[in-house]
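Once you have looked at the hints, place chain P on chain Z.
If you read the protein sequences in the order shown, they are chains Z and P.
In terms of our numbering, the first sequence opens at residue 1 and continues consecutively.
In terms of our numbering, the second sequence opens at residue 1 and continues consecutively.
What the hints contain is simulated information worked out from the structure, not anything from laboratory work.
Computed from a predicted model, the values in this text were never measured in an experiment.
Keep in mind that the hints are not guaranteed to be accurate.
Anything over 12 Å on all C-beta distances counts as not near chain P; from chain Z, calculated [to be verified]:
#1 Met-1
#2 Glu-4
#3 Asn-9
#4 Ile-11
#5 Ser-44
#6 Gly-62
#7 Thr-100
#8 Leu-114
#9 Ile-128
#10 Leu-144
#11 Lys-187
#12 Leu-189
#13 Gln-230
Have a look at the derived ranges for each label pair, beta carbon to beta carbon [said to hold, decoys possible]:
#14 P:Trp-138 x Z:Lys-74: 46 to 56 Å
#15 Z:Lys-187 x P:Ala-122: 56 to 66 Å
#16 P:Thr-69 x Z:Asp-274: 46 to 56 Å
#17 Z:Phe-107 x P:His-143: 34 to 44 Å
#18 Z:Val-229 x P:Arg-261: 18 to 28 Å
Glycine included, each C-beta is placed from N, C-alpha and C at the ideal position.
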Amino acid sequence: MILEFKDVNYIYDPDSTISSVALKDINLSIREGVFYALIGHTGSGKSTLIQHMNGLIQPTSGEVLYKGMSLRDKNADLKMIRSRVGLVFQYPEHQLFETTVYDDVAFGPKNLKLPKDEIDARVKEALILTGVDESVWQNSPFELSGGQKRRVAIAGVLAMKPEVLILDEPTAGLDPGGRDEILNVLKRLHSEEKITIILVSHSMEDVAGYADRIIVMNKGHIEYEDSPVQIFRHAEELKNMGLSVPQVTDVLTRLKSKGWPVKDGIITVSEAADEIMRVLGKA
Amino acid sequence: MELIRTKDLKHEYIKRDENGEETGRVCAVDGVDLSVEAGQFISILGSNGSGKSTLASHLNAILFPTEGTVWVDGMDTKDQSNVWDIRQTAGMVFQNPDNQIIGQIVEEDVGFGPENMGIPTAQIWERVEESLKAVGMWEYRKHSPGRLSGGQKQRVSIAGVIAMHPKCIVMDEPTAMLDPSGRREVIRAARALNDVEKVTVILITHYMDEVIYSDKVFVMDKGKVVMSGTPGEIFTERDKLKQYRLDVPQVTMLAYELRKRGLDIPADVLSSEDLVKELTSRYSI
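Only chain Z is shown next, with the shape it has when bound in the complex:
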């Protein structure tokens, strides 16, 4: 268990007239090496939840543990934990500031006071992993496309060598090409580098295609935590929570209501095509 939430509650502005509960009785275990997706309507508490994961926010009650150690513990080395649990905020490209792509990615490792050749190795590795072409490493980050900038920002977090990478809507505002590039980077980090991924997303199609587990938040608490196939069986409940199911899941549900004997739990295009061919006896 790399991260654990035990009875976590979080209240914004407690003891004031505008106090509001953002997280309610959160119990959650994040296992090493798993690709998680975190979904929920706007204001459901997703961003508050992920900021608890590296101690940016401390719970009002309950505790968050990193490898068994409470982030509240006086001996907890938050600086070390923040390099292990990397957080990529929404629109991270707004935080790029150095004059070159290379320097921007090097900023974090430099702050760790690492030897120069170690910094160099980490920067190069991170830029290669995120697919940022070497020809632009000495360019200003501000001259890059939206998708490239975002990959540079992710490389900056990767250069800290995190075990867990948490990304808050990393594909928002990107074109489909840029979206696929980012998602493929995450897939590679997960399968080859064994990094635990927590992806916050509003796209049910993306989540269905990439995640091993889905955490569904609703009004500050965790409604479900399960495999994508199980999660997307709750079409009606998800809709009532402001979410949806992948389009292909919707197609199969409609076919079923017309009497076609299709299976439940179909969430990707190729599965859906195979299943339709199967019930037509053409597989």
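Frame of chain Z; chain P shown alone:
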């Protein structure tokens, strides 16, 4: 009737170094000829940096052509005396709802535009009411905008624009920051405005499934319009769209896979309803 027309429209951004010396030029819009009829629902697709937002900014005189001409309801945007009339004709909704709302309560925010236009108070209230009703936000008129969801805020922004009675509303990625229900709300509001109020809608988006109800889709790449047609025509050109870093709706993709496996269904299926109708009318279990 033609509401918007661009002819050989070019827009260059000048890049400068810290001393203000010119270091290069980027042609963001490069010779665009566009015609939009009054009452149409138009969508514009294109990758990041393809020039969509720059083009949109020309349609309500935020930017002016480097070369070529833009006419909005017959008015040339280069003519400074037209600027205010153009902005009342073509209203604009942007990506981030938090940057567009200024009022302390919803109805005040929506009334801000017409008030600035010097509309008499009684009429302002009429307009606020009809605009909020048109986007389904009337019951929230006394709420503080800060406490609304993203989709609700964005609908308030749209109401604020339509309270100025524009003939056309340009939406630049209005759903990019919203959750699925927020996206549904905004697209439904845009379609209702077009259907019921006959407002011309120009929608810029990265979500392929949002453009399937358009009368016409334009695809931009490197500052040029490279494809145009009905959604059905556009989305059957899957490979071409991939080249432009775009995609097709997931349902269209499923139809494509089924055709590849030998089923006889049309390639231009765009919605779940249509695909189910095609399948159940052609095949029986």
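Quick rundown of the hints versus the structure:
1. Distance check on Met-1 of chain Z: its Cβ is at least 29 Å (rounded) from any Cβ of chain P, clearing the 12 Å threshold; non-interface status holds.
2. No beta-carbon of chain P comes within 12 Å of the beta-carbon of Glu-4 of chain Z; the shortest separation is about 27 Å.
3. The Cβ of Asn-9 of chain Z lies farther than 12 Å from every Cβ of chain P, with a closest approach of about 21 Å, so its non-interface assignment holds.
4. A cut-off of 12 Å between C-beta atoms confirms that Ile-11 of chain Z is not in contact with chain P; the least separation is 16 Å.
5. With a least CB separation of 8 Å from chain P, Ser-44 of chain Z falls inside the 12 Å interface cut-off, contrary to its annotation.
6. Every CB of chain P lies more than 12 Å from the CB of Gly-62 of chain Z, the least distance being 26 Å, so the non-interface label holds.
7. Annotated as non-interface, Thr-100 of chain Z keeps its C-beta farther than 12 Å from every C-beta of chain P; the closest such distance is 15 Å.
8. Once the 12 Å rule is applied to beta carbons, Leu-114 of chain Z is consistent with being away from chain P; the minimum gap is 31 Å.
9. Interface exclusion of Ile-128 of chain Z from chain P stands, the closest Cβ pair being 22 Å apart, more than 12 Å.
10. A Cβ of chain P approaches the Cβ of Leu-144 of chain Z within 12 Å, the least distance being about 10 Å, so the stated non-interface status is violated.
11. Non-interface call for Lys-187 of chain Z relative to chain P: holds, since the shortest CB-CB distance, roughly 17 Å, exceeds 12 Å.
12. No beta-carbon of chain P comes within 12 Å of the beta-carbon of Leu-189 of chain Z; the shortest separation is about 22 Å.
13. Even its closest Cβ contact with chain P, about 19 Å, leaves Gln-230 of chain Z beyond 12 Å, as expected for a residue assigned away from the interface.
14. Between Trp-138 of chain P and Lys-74 of chain Z, the C-beta spacing of about 54 Å keeps the proposed range 46 to 56 Å intact.
15. In this structure the supplied range 56 to 66 Å holds for Lys-187 of chain Z paired with Ala-122 of chain P, their Cβ-Cβ distance being about 59 Å.
16. Separation of Thr-69 of chain P from Asp-274 of chain Z is about 53 Å and conforms to the stated range, judged on CB atoms against 46 to 56 Å.
17. Checked against the hint of 34 to 44 Å, the C-beta distance between Phe-107 of chain Z and His-143 of chain P comes to roughly 42 Å, which is consistent with it.
18. A hinted range of 18 to 28 Å for the beta carbons of Val-229 of chain Z and Arg-261 of chain P is consistent with their spacing of about 22 Å.
Comparing the model with each numbered hint stated earlier shows that hints 5 and 10 do not hold.
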